[in-house]
Every structure is written in C-alpha cells, then in structure tokens.
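Kindly generate the complete structure, drawing on both the sequences and the hints.
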Amino acid sequence: MAELDLTVRHADPQIVNQIWQRIIKTSEGAALATETTSGYEITSGYHPLLINHTLVEIAARNFNTLTIPAWNDEQIEFARNIAATLQTPGELNPAIIQPPYPAREVNASTDVGDISWVVPTVGIFTMSWIPGTAAHSWQAVAASGSSLGIQGAYVAAEVIAATTADLLLNPGLIQTAQQEMQKAKGETFIYKPLLGTREPDLNYHNK
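Numbering (my numbering), first residue to last: 146 to 352.
Just so you know, the hints here were simulated from the structure itself, not pulled from any lab data. Misleading hints may appear alongside valid ones.
As the list claims (entries may be wrong) - Think about it this way: if two alpha-carbon atoms lie no more than 16 angstroms apart in a straight line, the pair counts; the simulated EDC-like pairs of lysine to aspartate or glutamate are:
#1 Lys337 <-> Asp256
#2 Lys330 <-> Asp157
#3 Lys170 <-> Glu186
#4 Lys330 <-> Asp218
What follows is the structure in structure tokens.
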C-alpha cells in the first residue's frame, strides 16, 4: 500500500479542477499498469482570493494618510539581531516602513478566499516582520510578539477603522464593490464550499 498527501494550488479554481482531474487519471493509470487499485479522498479545499479593487483602493488610500513612527534604537537593534539569523535578509531601510503602500494582489491558501466569493472582501498587510522573514518561522513569531508587531497591529487597526468609516458614510462604495464582485464571479457562478469527502473524526478523544 502506498499513500500520498497532495495539495493542488492555483489562483484559478477551474485550473485547480483540471489539474486535480489529471492527478486522478495518473493514479488510475498507475493502478492499471501495476494491476492494483487506487482511490482518493478530498480532505479540504479553499477558493482563491477574489480581489475587489474597489475596496483595495479605499484601504490603500487610508494607508497613505498615515504617519508611522520610525523604529527606535531598541527596535533597530532587535531587527538587526533577527536579520542576522535569516537566510536571505532584506534591506533594513527605515523608508520601507513609511507610506505610500502600493495595492497589489496576493495569492495565499486561506479560508478568507471563500468569504471573498460571497461578500466583497479586502485584506491588508502591515509591517511587523523583519525584511526577508519567512512565514511560519520562529523569526516571524518573535517579531510579531515584539513592539514592532504591536506597532503593526495599531497600523492595521487604524486602516480597518478608516476603511469601515468610509464604507458606512458612503453606501455607494458598498454597492460598487458588490457590483464588481458579481461581475468578477460571472452570471453562472454558484458558490459551493470545498469541504471535501472525508467524514469528520468525531471520536478522536477515544483513540
């Protein structure tokens, strides 16, 4: 018996499905060639992030109105110590923590992607890590829990609050964002969660 755990990723859900169908055929072909059997189960899946440029522009504009305090000596020393542990550290340039912040599309595996196909959604990034830090690393954790992380959280809170205020005070923006989402999805799109085929393991406490 052989078992594989595979992940298929692509920004286009249709291409994800095409790739997955080829993987199934590859498995079936290998089973036929070896006179064995094959099977599969889907444990979970996410829709890609559906970018809403209306909301991106509002959030980016609010970013650009902020004046962020420069790192103090203690923060700079902390950043240098973390950078020394990184495989490919980025430039510790104080200018990079200041606006303007360019709006850009980011691909990631996240359940927020599913939300973005149901309601207009925007995500923001604030600088809490040292340039060159890899996600899911101890350096990311250390920086997030430091004063740099707290400062980044304050920045995020300000942008979220200002963006929310813009939408509440200008209902037309919400309508524009909804229209953009509907156009991007297409008239025939029907949202279906990619929950997979595995039954939930509800008896794990008894194992």
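Okay, the hints, checked on the actual structure:
no.	hint	in the structure
1	Lys337 <-> Asp256	13 angstroms, holds
2	Lys330 <-> Asp157	11 angstroms, holds
3	Lys170 <-> Glu186	14 angstroms, holds
4	Lys330 <-> Asp218	48 angstroms, violated
In this structure, the one hint that does not hold is number 4.
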